[in-house]
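Chemist: Produce the entire structure from the sequences given, and follow the hints as far as they go.
Line by line, the protein sequences give chains A and B. Quick note on numbering: this note's numbering labels position 156 of the first sequence as 156, and the sequence is numbered without any gaps. Quick note on numbering: this note's numbering labels position 47 of the second sequence as 47, and the sequence is numbered without any gaps.
Read the hints as simulated data drawn from the structure, not as lab findings. We treat Cβ as the ideally placed atom computed from N, Cα and C, and that holds for glycine. Among these hints, one or two may not hold up.
Partial list, derived from the structure: chain B residues whose beta carbon lies under 8 Å from chain A [claimed, not checked]:
id, residue
1, Arg60
2, Val116
3, Ala137
4, Val139
5, Asp143
6, Arg151
7, Leu166
Covered stretches of chain A, as calculated for chain B (at least 3 residues, CB under 8 Å) [unchecked claim]:
id, stretch
8, 57-63
9, 103-117
10, 136-147
11, 155-169
12, 175-189
Spelled out, the chains give:
2 protein chains.
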Amino acid sequence: MSLIEAVRHGGTDVLTSLRSVCDDRGLDALSRRLAELGELLVADMRLVAEGLGEVPRGERRVQRASHHLLDRGGKRLRPMCVALASRVGAGFDRRGRELAVAVELVHAATLLHDDVVDLGDQRRGAPAARAVYGNAASVFAGDWLLIEALRRVRGADVADTLDRLLAIIEEMIFAESLQLDSRGRVDTSIEDYFRVIDGKTAALFRWACHAGGRSGGLDDAACARLEAYGAHLGVAFQLIDDLLDYTGDSSKTGKDLYTDLREGKLTHPLLLARDASPRVVELLGELLASGEGARAGLHQALVAEVRPVLGETRALAIREAAAALAELEGLPEGPGRDGLRTVALATVERER
Amino acid sequence: MSLIEAVRHGGTDVLTSLRSVCDDRGLDALSRRLAELGELLVADMRLVAEGLGEVPRGERRVQRASHHLLDRGGKRLRPMCVALASRVGAGFDRRGRELAVAVELVHAATLLHDDVVDLGDQRRGAPAARAVYGNAASVFAGDWLLIEALRRVRGADVADTLDRLLAIIEEMIFAESLQLDSRGRVDTSIEDYFRVIDGKTAALFRWACHAGGRSGGLDDAACARLEAYGAHLGVAFQLIDDLLDYTGDSSKTGKDLYTDLREGKLTHPLLLARDASPRVVELLGELLASGEGARAGLHQALVAEVRPVLGETRALAIREAAAALAELEGLPEGPGRDGLRTVALATVERER
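Modeler: Written as structure tokens, this is what we have:
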């Protein structure tokens with residue numbers, strides 16, 4: 001169980017779980033930090049869970065499809081950023097909670113639409129909403145959660161947050177659009193890769209950290225630092241996500257990789273390997289043209305090519321996490337700032 | 001060319017076109033009213049067209065998919081309602097224009113998502129955006145136009161309009177969800193039919209009229225009347241739309257009807273005919289189970305059954321238009337109110 005999973009479960013066992021993750025890996029200092037973070041966040045994340053529970057349930061198909069996803073939990077890392085950023089300022093109040101709920105709803109809305117677009121069958125270890133309730137319900141459920149999120153932000157009435165969120169969602173959509181242009185191609189540039197993850201992943205982290213700071217009453221300069229922290233954290237998070245395709249509990253199969261290629265999703269290590277070896281370009285072309293039977297073998301061959309560059313992706317993730325930490329320097333000391341530091345450190349250590 | 005089409009084309013020939021539509025049908029009084037309305041609206045609708053033109057163009061796939069739809073024009077009846085309602089008050093200013101653009105963008109967003117959900121191939125007499133740019137681009141294009149619309153409303157900063165629009169969009173989504181439950185069924189109740197059209201069609205007309213009134217500085221009571229006008233107008237509009245499936249230039253084919261049934265779209269005349277004759281229930285069941293070859297014949301048989309009830313649908317549309325007119329009574333006299341009256345009258349006379 002990762003830090004994030006453990007925190008989301010809340011309850012009394014959270015500290016034990018958190019410690020055991022780190023103790024296994026001999027990270028004593030991080031283990032202590034995580035224990036403190038757990039104590040700090042248990043109550044906050046319970047408030048977020050309550051807030052998500054207030055999204056109206058009902059027999060409508062869009063509601064059932066929405067709660068099908070929300071009830072699976074997920075990491076809730078974005079609301080955690082809102083809570084911690086608000087604690088850098090005056091604290092996590094009712095308005096901060098609304099912003100934290102909203103950021104998770106926006107994230108859920110994008111997952112619902114992504115699964116329709118990518119024909120995804122699994123999400124958070126269960127059948128995707130679109131597989132249970134259909135594509136149509138999943139499109140409208142995404143629309144609904146987006147509207148619910150905007151209503152929360154509107155209701156919280158924290159300066160800047162609504163206009164910024166609308167602009168951030170536009171960035172996310174443009175990044176999705178850029179990714180669509182890469183479908184079935186293996187020549188995506190590293191620059192386009194970063195454009196896509198800046199929009200698809202980092203943008204919402206940016207908003208979460210900035211909005212949290214605002215709800216804590218912080219000034220423009222402090223909020224700008226929090227926003228920059230969020231940008232770096234988001235990139236680090238995505239790079240590690242990419243890495244876990246090759247190393248983690250849920251490391252990908254030949255079928256997954258084939259699907260990713262069809263959808264234009266070339267991960268960072270794969271791009272590095274491609275640029276390092278013409279053999280990878282050949283293998284990717286073969287995989288794209290392959291029948292189902294050949295995919296496992298091609299995947300094996302690709303994994304062997306990718307393994308040597310994984311260290312480079314990890315190093316870049318660590319640099320991004322370090323850049324995130326650097327942004328925290330100018331902020332008021334205290335448990336909020338310490339918590340954000342721990343999140344950045346844990347992000348590059350996570351195993352799922 | 002209908003009133004609406006003519007107005008949308010703007011330009012110097014608008015009065016001639018409008019008059020000829022009505023003169024053909026011997027509606028001299030309405031012809032004169034339409035001529036006045038055309039004069040009043042040409043400039044306003046040009047401003048709306050300019051505003052829609054300011055939605056950023058670009059090479060992104062979501063932008064091309066969005067403009068593919070927007071460039072086809074459409075009736076623009078909802079922005080027309082904003083313009084006229086604002087003219088019941090102090091007039092159609094910059095802020096009113098933003099609201100008028102926004103309502104058209106929300107409408108366009110729903111069309112983009114509807115076409116994905118219904119696998120629609122044609123829209124506004126051209127291939128649907130999803131047929132040209134793909135389902136994925138069409139989902140994200142709908143998301144984008146929704147966000148653009150909300151940014152416009154936010155920027156216009158007219159009291160009430162943003163919160164109300166968010167609530168209205170939720171109503172629209174719930175109506176879509178209700179319709180999903182009727183897929184492949186022929187036992188939809190008349191009550192559910194009205195629930196669906198209240199949400200899918202009338203809700204946005206309600207918002208358009210209310211928001212227009214607000215931007216014209218009207219008080220709560222006047223805006224409530226405009227909102228009620230919009231609700232009745234929307235229902236009348238949809239009933240006539242349903243009628244035109246059986247009478248209009250673009251009357252539906254067996255294939256269209258089959259598709260509608262699969263999507264749970266039972267029109268008002270079809271529901272009336274179903275409740276009047278067990279033969280219709282049989283025919284609908286046969287159509288749903290039919291192969292392509294049999295559909296034209298079954299459609300013919302259904303049209304014969306539906307024809308006797310068309311007058312009832314028309315009568316109901318006229319009653320709704322009359323109810324819309326009644327709401328206008330308590331409002332300040334002037335060209336705005338006269339224009340709204342003409343829109344309601346023309347809505348039940350339109351032929352496409």
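Chemist: None of the hints should be skipped; say for each whether it holds.
Modeler: Hints versus structure:
1. Arg60: Hint on Arg60 of chain B: holds, closest Cβ of chain A at ~5 Å, below 8 Å.
2. Val116: The hint holds - Val116 of chain B has a Cβ within 8 Å of chain A, the shortest such distance being about 6 Å.
3. Ala137: 6 Å, holds
4. Val139: 6 Å, holds
5. Asp143: Result: holds, 5 Å to nearest chain A Cβ.
6. Arg151: Holds. Min distance 5 Å.
7. Leu166: 5 Å, holds
8. 57-63: holds (count 4)
9. 103-117: With 3 residues close enough to chain B, the hint holds.
10. 136-147: Per the Cβ count (9), the hint holds.
11. 155-169: holds (count 5)
12. 175-189: That given contact holds, which follows from 5 residues of the stretch 175-189 of chain A lying within Cβ reach (below 8 Å) of chain B.
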